[in-house]
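Based on the provided sequences and hints, a complete structural model is requested.
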Amino acid sequence: MPPSVLRKLPSWLTLSPWFVMLCALLLSAFVVGVGLRNASRESAFTAKLTLEKGSALISTLEGALRTGMGFQWGDDVLQDLLEKIGAQPDIVTLAITDHSGKILMDSNPALAGTSMVSAAQLATLKPSSVAQWHERILPDGTRLFQVYKEFTVSRFERGRHGSGRHGHGFHRPRNALCNMLGAETDADAQWLIFVDYSLAPLDEAKGVDARHTLIISAVLVFLGIVGALTLFLVRGYRQSRQVVQETTAFSSEVINTLPVGIIATDADNRITSINPVACAITGLSPTEATNGTLCTLLPSVWAVLSPRLTRGVSVVEQESRCAFASNRRVPLALSASRITTEDGQVVGNAIIMRDLGEIRRLQTELRRQDRLVALGNMAAGIAHEIRNPLSAIKGLARFFQESNPADGEEARMAKIMTQEVLRLDKVVGDLLDFARPDTLHQIHIPLDEILGRAHRMVQQDMETRHIRFVLNIPTPAPLAWFDPDRMTQVLLNLFLNALQAMADGGTLTVTAQEDDNDLILKIQDTGCGILPEKVQDIFSPYFTTKASGTGLGLSIVHKIVEAHDGDIEVQSSPEGTTFILRMRKG
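Quick note on this note's numbering: the sequence shown kicks off at 10 and runs consecutively.
Ranges between beta-carbon positions, derived for each pair:
1. Q354 - D574: 53 to 63 angstroms
2. T239 - E328: 50 to 60 angstroms
3. I234 - H143: 39 to 49 angstroms
4. P398 - A420: 14 to 24 angstroms
5. H453 - T516: 25 to 35 angstroms
As a list, the in silico BS3-like pairs of lysine-lysine whose alpha-carbon atoms are at most 27 angstroms apart:
6. K424 - K403
7. K57 - K215
8. K111 - K93
Hints are computed from structural coordinates only; laboratory data are not their basis.
Glycine residues also receive a C-beta, built at the ideal position from the N, C-alpha and C atoms.
Next up, the structure:
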């Protein structure tokens, strides 16, 4: 069954199969009950109909007998009458008996003189002038529907028809009826008339009805079992399909989020699936990849893997520089193995490719960081060695400046010497700040207090350069979890960089906003901006775009922000530069 059809299955298919089977059994029991009830009603109706038929037949026979008595019919006429009436297809026998049950006349002449019923049975049957019936069972087990009735001839009728002349004055012989009437007695004569009907048609009809009922019940039970089994299969299929879908979704999600490229092929090396990382490495789209073979789409990868894969040998972390579209050459670590079933049938290959370019970039960055650490340590040692002679030189320069006239050449030279020593001392201080591990003393402090402190340090320069300062922070100012001195240093460096970028004036805007548990600061200037190719290097040590500068200012800013467990990023354009700091509020 297709998945699209399965998804559209009606809601009743979600019912329990046992419920459906129980419903089928109940319906079968209902059908059987109805069938039995109908059979009982049909039997009662048939019995009533047969009784009425037998009663009508007996009434007809009674009329014939009374007519025969009047016309003085002989035995042969009466016997012929009984035989013709008893010759009907559904009549087994038609008999006239006396009150003791002895057969006087029968549609079967051979039974005359035999006993139809015993005296005890007659006492049980209680015949009367109203037709009755009972079930008669012959010695051979044959079941008969017997209708019986008492036939009475009054003394008056017997005297009128018992003897006399008829016709031309000669006497007819007394017939069997007259003999049976017992003309010599003065009492009313009573006979019993019995009509036996065969129950075979009724039994056959009952059998047919029973078979039909059983067949219908069996069909219903069968349909119930089939329906239950179908529901079992459908539910099993749905559950299996759901498990497969969940497993497939989980596997797909894992494969798609792995940081390595994964390609699966079939036994003919046609690509059946490819994850996003593999698409990024190879430059293939999923549509392109799943329409071709590995050897045609990725010949350089196939050239590395085929010598071992064709022999059924797995490939583990084999490094190679593979060529892809646009002549890109990517260093890869390739792994591959065959996919086989439990019976050993090969169904495809699994290929894992790891981009070594990123790893090598990380290794290069790590080596760079190691060099920077070594350089920082060396710079810290040199700075300590330089500071002592600088202090002596600065003291001598001030001595010469104070010992000579203020407008003299010696004093001017001593002043220049003092300024250069101070500049060199600042460079040494920056080196020490960059090399020294950060030890923070964080406190909860209002944000406007730190911003105000940094603003006051550069306020004079802002006024000189005609730079407007705009502060947009919430009221009341949020509390920040900062080391006040170190964050003041961060803001001061960013403010000074902004001032240097706006030599002809402009606007320095500081915006603060809260985002859940973070505090976002934006320092935006309207200066000349930073060239796009240099933006990624501005936080590197000793990188600077200024004619004079150590290139350590933004490196120190980055280091302090990271020590606060924060992030800093830069956005720059010809219209200005924006530094964005995301800090935790604590």
